[in-house]
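> Position chain B against the provided structure of chain A, taking the given hints into account.
Number of protein chains: 2
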Amino acid sequence: MRIEILCTGDEVLSGKTINTNYSHMARRLQEIGADVIWGTTVGDDRKSLRAAFQQASARADVVIVNGGLGPTVDDLSQEMAAEAAGVGLVLNESWLENIQSFYKARGREMPPNNRKQAMLPEGAEFIDNPVGTACGFAIDIGNARFFFTPGVPREIRLMLDDQIIPRILQMSGTQAKVRLKRFHSFGLGESRVDEMLKDVEAMAIGGEVKLGFQAHYPELETKLFARGTDPDELIRRMAPIEKIIRDRLGPFILAEDDETLESNVLNSIKSDNGTLAIAEFGTNGAAASRMVAADPDCFVFRRGVLGGDINSLASALDLKLNEASSAAAAACAEAVMRATGTTYGLAVLIPKGNEGGIGGGEGQVYIAIAKNDGTKIERPALIVGGKERVRAGGVEMGLDCLRRALQGLVTDDRIDFEKKDSV
Amino acid sequence: MRIEILCTGDEVLSGKTINTNYSHMARRLQEIGADVIWGTTVGDDRKSLRAAFQQASARADVVIVNGGLGPTVDDLSQEMAAEAAGVGLVLNESWLENIQSFYKARGREMPPNNRKQAMLPEGAEFIDNPVGTACGFAIDIGNARFFFTPGVPREIRLMLDDQIIPRILQMSGTQAKVRLKRFHSFGLGESRVDEMLKDVEAMAIGGEVKLGFQAHYPELETKLFARGTDPDELIRRMAPIEKIIRDRLGPFILAEDDETLESNVLNSIKSDNGTLAIAEFGTNGAAASRMVAADPDCFVFRRGVLGGDINSLASALDLKLNEASSAAAAACAEAVMRATGTTYGLAVLIPKGNEGGIGGGEGQVYIAIAKNDGTKIERPALIVGGKERVRAGGVEMGLDCLRRALQGLVTDDRIDFEKKDSV
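If you read the sequences in order, they're chains A and B. Residues in the first sequence are numbered from 1 upward in steps of one, following our numbering. Residues in the second sequence are numbered from 424 upward in steps of one, following our numbering.
Because the hints were derived from the structure by calculation, they are not lab data. Where is the CB? At the ideal position from N, CA and C, for every residue including glycine. Honestly, I wouldn't trust all of these hints.
Below, computed lysine-lysine pairings styled on DSS-like, alpha-carbon distance capped at 25 Å [unchecked claim]: (1) B:K775 x A:K116; (2) A:K16 x B:K604; (3) A:K387 x A:K352; (4) A:K16 x B:K666; (5) A:K243 x A:K223; (6) A:K270 x B:K775.
Chain A side only, calculated, beta carbon under 7 Å to chain B, not exhaustive [as the list claims (entries may be wrong)]: (7) I18; (8) Q30; (9) R227.
Same shape as in the complex, but just chain A (with noise of 0.2 Å):
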């Protein structure tokens, strides 16, 4: 099965905006077993789109075009898959009245251009859109299967998944199965884990198993994925090796599958009754916000303080401390705990003067936890790299650092982003 992208419109061959939405496509139909050949952007304009989709069609079983399903002029993809299908466009009345209720459900009148939204090729199928007034479809150019889906992140990621995922998967005949298992890790690095974990395709059973990274700064995605007919058979092919995964990378493993760093944080605590509150500054606030993005409700994470610096924090907190430290940390960690009335506190500091620029320097990090039976663990980190890396390496630290200590792992191994001569 050979698949192409096709990406459509002037922002994205402008590079005004990064294409992300090719590479999460690519990716997942990557995860799936499906190979992605070609990768095209035109912009808006019909006779790139003719050219476009009449080479697509003849290199590719199944070309995905993103973009160009909006309402306004420059979206032209219902009106140029019609006349590379040879049809008109016909209005779809069920999905214009889906478009009309969608506005009505905001109080509002739908714009008269909006319409357009839902004139769709003769004879195409249609692909729903459950959170966007663009509606997908498909229809056959040429030998090829066209999916038309739309350019907004969240409406191509949804439709990919739950509509044209499915769709290929049948159209590939063999009723495949495919199943992906995916360990996410902090502190070592793709090469670490690469050379760590080099022998464990060799050493499947019964049929092939790939592995593969995605670095996404701090963690690190390490996947596994087989396929089959069998499901049941894909899972015992696999557990063997996820073991041998699971021994190398140990600690380091944060989470699996649809898990988080943060889930398991927020379940270890539960798991206690417990609660928790976290002081930062350096951060932007994303140590406390990444906790409240996984505990909406506020069952276990109850309040966040985000100073400015050291001054602003521990006035905030009732503290007279002058300089950030360890045993700063440490009082900031039992001083949010003790105002909150939680039972974990956790308190991540980073300091000014990390100024090495994008890629270079260095910057260190103050990590603290308290417990309110008097623990408390200091974990101070010199992380290399520019500012955002530092910022983004000491969050994840601070977090996995709590992750470690509420499961009882060690919590000061060396990671691979640490200064060697770090204290």
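Leaving out everything else, chain B in the frame of chain A:
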């Protein structure tokens, strides 16, 4: 001058690497008035590269090929360039010496496979790479001039600016200039702004002015472009249209060009020698986190307090409040201002119960601003959408309400993302 960007490599094709080289190159080329008309992405395989080179040479005057110049066997650019140009590969002695000195300077021997990086198609124009071992080169294939460039971001960036762009400008003969003007707004949907501005392109005198939109909820970017030879003429041509846009969108415009909502809020407070503290819940801490990201030295933004709900926020501020309300928001704004000793306090409260799910439902947002002269503004709103949109819209509205208040604008303009019966 028609330019195509041809990105090669399995990492980019499979989506593992997000293609920021593409967007960087396309943006830089647009800034010099050169139009990218096509983007192609193919993997490291001969058949695809052959077809991609042939198709690109048929539709473009200039093709920039990115990637495939490395020392390993899957780097095929030189080989395929020579094949497509119908010539052999010859050793560039001076580049080989350069690679050898590069390794020598690092106290190492050049690995034998790096010799491959000095093999260029016969007759190719050498293009220097002062920061890596992959040199660039240019050669004609069909009617197009092909520039081959390395995939390492800082290498291609430098080579593009210092080597490729001067050659393209020389080829194009003319000195075309581009002017881009951007307006950032909040509160008006893309179709409404499209409708409000549908006649402006036609008002241009003395040359074309193009209008475009980019929605990234909750903000909308309205862009005007024009091309010509004289920068002053472009400014004169666009000025009346910019004025019309400013008049029509009025207080909905948050910022222009590289300014942002946050920078405008900061500048307005700073010009008053003021300072700011923020109290919030239901926002994931995004109000404080956006402000501190824009004001990393905390000249203006002094403290953020993030609660889990009204009770935890109130107790952090020494208030007695049982329920989120407009009055409760005003009390929180005042309390966080007094406790921090700032001139302004902002509260953004988003109570639970926004259960519409993705794309559906609506959510109550309470926004309040306090000033230390006793002034208070309350701006409750019922924002349409699921949790994520309510949260992003509520935070944006909170910061925007502060901007409007600081700039003496009306703070309760009805917005498109708000329910009609909103109170």
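> Hint by hint, say whether it matches the structure.
Okay, the hints, checked on the actual structure:
1. B:K775 x A:K116: 36 Å, violated
2. A:K16 x B:K604: 13 Å, holds
3. A:K387 x A:K352: 9 Å, holds
4. A:K16 x B:K666: 24 Å, holds
5. A:K243 x A:K223: 13 Å, holds
6. A:K270 x B:K775: 20 Å, holds
7. I18: With a minimum Cβ separation of about 5 Å from chain B (threshold 7 Å), the hint on I18 (chain A) holds.
8. Q30: This hint holds: Q30 (chain A) lies near chain B, its Cβ roughly 5 Å from the closest one there, short of 7 Å.
9. R227: 16 Å, violated
Of the numbered hints listed earlier, those contradicted by the structure are 1, 9.
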